[in-house]
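A.B. asks: Chain residues, written in single-letter form:
Protein chains: 2
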Amino acid sequence: MSKINENFNKLQSGYLFATTAKKVGAFSAANPDKKVIKMSIGDATQPLAPAVIAAIKKAADEMGTLEGFRGYGPDFGYDFLREVIAENDFKARGVDISADEIFISDSAKCDTGNIQELFSTDLTIAVLDPVYPTYVDTNVMAGRTGDYNPARGNFDGIIYMPASAENGFKPALPKEVPGLIYLCYPNNPTGTTLSKSELSTWVDYAKKNGSLILFDAAYEAYISHADIPHSIYEIEGAKDVAIEFRSFSKTAGFTGTRCAFTVIPKGLTAKDASGNDVSLHGLWGRRMSTKFNGVPYIIQRAAEACYSPEGKVQLKQTIDYYMNNAKILREGLTAAGISCYGGVDAPYIWIKTPGDFGSWDFFDYLLANTAVAGTPGVGFGNAGEGYLRLTAFNTTENTLEAVARIQKLKF
Amino acid sequence: MSKINENFNKLQSGYLFATTAKKVGAFSAANPDKKVIKMSIGDATQPLAPAVIAAIKKAADEMGTLEGFRGYGPDFGYDFLREVIAENDFKARGVDISADEIFISDSAKCDTGNIQELFSTDLTIAVLDPVYPTYVDTNVMAGRTGDYNPARGNFDGIIYMPASAENGFKPALPKEVPGLIYLCYPNNPTGTTLSKSELSTWVDYAKKNGSLILFDAAYEAYISHADIPHSIYEIEGAKDVAIEFRSFSKTAGFTGTRCAFTVIPKGLTAKDASGNDVSLHGLWGRRMSTKFNGVPYIIQRAAEACYSPEGKVQLKQTIDYYMNNAKILREGLTAAGISCYGGVDAPYIWIKTPGDFGSWDFFDYLLANTAVAGTPGVGFGNAGEGYLRLTAFNTTENTLEAVARIQKLKF
Numbered sequence: 572m573s574k575i576n577e578n579f580n581k582l583q584s585g586y587l588f589a590t591t592a593k594k595v596g597a598f599s600a601a602n603p604d605k606k607v608i609k610m611s612i613g614d615a616t617q618p619l620a621p622a623v624i625a626a627i628k629k630a631a632d633e634m635g636t637l638e639g640f641r642g643y644g645p646d647f648g649y650d651f652l653r654e655v656i657a658e659n660d661f662k663a664r665g666v667d668i669s670a671d672e673i674f675i676s677d678s679a680k681c682d683t684g685n686i687q688e689l690f691s692t693d694l695t696i697a698v699l700d701p702v703y704p705t706y707v708d709t710n711v712m713a714g715r716t717g718d719y720n721p722a723r724g725n726f727d728g729i730i731y732m733p734a735s736a737e738n739g740f741k742p743a744l745p746k747e748v749p750g751l752i753y754l755c756y757p758n759n760p761t762g763t764t765l766s767k768s769e770l771s772t773w774v775d776y777a778k779k780n781g782s783l784i785l786f787d788a789a790y791e792a793y794i795s796h797a798d799i800p801h802s803i804y805e806i807e808g809a810k811d812v813a814i815e816f817r818s819f820s821k822t823a824g825f826t827g828t829r830c831a832f833t834v835i836p837k838g839l840t841a842k843d844a845s846g847n848d849v850s851l852h853g854l855w856g857r858r859m860s861t862k863f864n865g866v867p868y869i870i871q872r873a874a875e876a877c878y879s880p881e882g883k884v885q886l887k888q889t890i891d892y893y894m895n896n897a898k899i900l901r902e903g904l905t906a907a908g909i910s911c912y913g914g915v916d917a918p919y920i921w922i923k924t925p926g927d928f929g930s931w932d933f934f935d936y937l938l939a940n941t942a943v944a945g946t947p948g949v950g951f952g953n954a955g956e957g958y959l960r961l962t963a964f965n966t967t968e969n970t971l972e973a974v975a976r977i978q979k980l981k982f
Numbered sequence: 572m573s574k575i576n577e578n579f580n581k582l583q584s585g586y587l588f589a590t591t592a593k594k595v596g597a598f599s600a601a602n603p604d605k606k607v608i609k610m611s612i613g614d615a616t617q618p619l620a621p622a623v624i625a626a627i628k629k630a631a632d633e634m635g636t637l638e639g640f641r642g643y644g645p646d647f648g649y650d651f652l653r654e655v656i657a658e659n660d661f662k663a664r665g666v667d668i669s670a671d672e673i674f675i676s677d678s679a680k681c682d683t684g685n686i687q688e689l690f691s692t693d694l695t696i697a698v699l700d701p702v703y704p705t706y707v708d709t710n711v712m713a714g715r716t717g718d719y720n721p722a723r724g725n726f727d728g729i730i731y732m733p734a735s736a737e738n739g740f741k742p743a744l745p746k747e748v749p750g751l752i753y754l755c756y757p758n759n760p761t762g763t764t765l766s767k768s769e770l771s772t773w774v775d776y777a778k779k780n781g782s783l784i785l786f787d788a789a790y791e792a793y794i795s796h797a798d799i800p801h802s803i804y805e806i807e808g809a810k811d812v813a814i815e816f817r818s819f820s821k822t823a824g825f826t827g828t829r830c831a832f833t834v835i836p837k838g839l840t841a842k843d844a845s846g847n848d849v850s851l852h853g854l855w856g857r858r859m860s861t862k863f864n865g866v867p868y869i870i871q872r873a874a875e876a877c878y879s880p881e882g883k884v885q886l887k888q889t890i891d892y893y894m895n896n897a898k899i900l901r902e903g904l905t906a907a908g909i910s911c912y913g914g915v916d917a918p919y920i921w922i923k924t925p926g927d928f929g930s931w932d933f934f935d936y937l938l939a940n941t942a943v944a945g946t947p948g949v950g951f952g953n954a955g956e957g958y959l960r961l962t963a964f965n966t967t968e969n970t971l972e973a974v975a976r977i978q979k980l981k982f
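Residue numbers (my numbering), protein chains in the order written: chain A, 572 to 982; chain B, 572 to 982.
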């Protein structure tokens, strides 16, 4: 008889963004005259760069010829892409990551969700709280956690590391040692960052305790301050303790175009039951050869174009555009008496809900009174209660309008 | 401490196609003057259809405008694609599958590999022998099998259902009842098919025993005979017992373009530990929302174009081209005294190795003496020993040359 994976039953309600999307849909249906400004999901809105479009069309033409047609690509991505990544994202920053340590994929969501497959289900994971839901839910599905604990509002068997205004959004190192530590910096959802020396303490902790850091750097392109590391491998010793996840989604507006990559240094290992060191590069390679069939050739060419001289200029313009929106949000909301965090080296503004508003109450209030849709902070974890996330990905026009609408409210 | 998933240690050597590719690479390096004809991996060689190229370029242009830009798409695929699939692949054949029962993905390899996540790890799976390796390896990685049994040359805890010339490649129904039954028809690797009445016996068996059929129909576009079902849902009752996997890889030469879909009828259920019926449509939806972020918009438009009037004509021409190659192979090898199976409603020819040749010996012999690369049958399972798979995906010119080279050998 076919029986389900019972771990799925532990999951709570819908995926966060599906729930907010439903609420926004219901509001729109009930208020057809009101223009909803969506600042909830972190989705790009600006067009793909002309260099990217040109690369797609050129690759499409190639695929239409017998000589230029490409079938299955190399399992871990084309060398032309792996090499420009190694050169531009790592070597140019003085980081020694080689092309064959880079695995091209369709999505950092997929990679951060799938990476746990490499590890024993009896490992304990540690996550920041608030946290991107995929890290937690994929471990729940795999049976690496306990049940949902309704009294506490999160899962048993996970080490949650709270980050809030009280600790300056710098979580303390965990006392109980986790096998896997998920870190995301620049952080989703809070938009906050760690300096090199702050990130060093995590690398040192992992080294000392034998933990592995899963470092999600999907937002590194938004960093403007020199002391904020773009890659965890800028930190001494990180190649021995960390896997890094990157994405073109936010860097190049590829949320609907789909390309990402994961970096696993060749010397990185974890233990097997007999205490032997096993190469995680080899293990992930086996996982990807068996369960993945690569990113479209056309899309890999599109990603490559992001590193061309004109591509770089065009991407930078769009990132500057979004970061100007972030500035408008921060300054406008601060002027309205709302405390804002993040939004300096990241496209997310993490606002403290005014007065006694809980996260969902404020989400509902904001939607009802300004037609601005954010994401309730508590949706990312308990420590997110009393916060709401706004993104800088809308147009400047809409961002200005959202600020103007919010400024009319009395708190 | 970070510890690995020990189940990975049960896996045997490299992925089959990686191993054959290495051998071919070594041969090419040692024989730079010899033209290798690759008939190993089932990879398309003909250009993408002009209708597909045009759709890609149009979508790329859209993505370059503010109005036409698309970020994250709907979790389960765009309606424009789900609807043409439902209409053309199902309704047009009298099969009642609706658009919202179709989940768009990047790969049938991914989907057939990931689907097992929905099920309890203590289920037993049944697979055909020979079998597409992904079905087995993904269950091994999940811990749903026992260890590799070196004496028997396959995994403990899996029900293998041998298919060979002795039983006409029609495996007997399993005596021990499996939770999940993987069926692939038209079959990879043997190229053989089941008639509607033969497939009905599997549906009836599943219904009677509470098993679930995972039906891989990636090669349905190659069917030319009316009695061979394109979809398992052509069989009465199949919607209660089967999930179906489809792909554009072989249908439209999308091996390097990446689009596929999985069909889960809304009424299909499996039991939870308390004996409740749980919707598999809902469970897969949850899995996909959590661990997947959709197929590129541009690629979904490319897939849609396969169903346009000109797209259909163009795809048919390419399939006819490949099936003419299959005919050349079958007839040419038969004339050379080699027994061939399959290749009538499928792009694979399953040849009986002549004389005392084992699969790998014959693979090596053929490569060394004709520079033709096949895939050793035993690489797909024990019952594949004494067979070799050739594909019809090369050019007609190369196919004719391969036949001519093989015909010169003495057996």
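Don't read these hints as lab results, they were simulated from the structure.
In this text the structure is predicted, and so the values were computed from the model without any measurement.
Accuracy of the hints is not assured; some may be wrong.
Any copy will do: because identical chains look the same in the list, a pair fits if it lies in one copy or spans two.
[As the list claims (entries may be wrong)] Taking lysine-lysine pairs in the PhoX-like style, the calculated list, with each CA pair at most 20 angstroms apart, reads: (1) K581 x K842; (2) K862 x K581; (3) K923 x K741.
A.B. asks: Which numbered hints does this structure break?
C.D. replies: none
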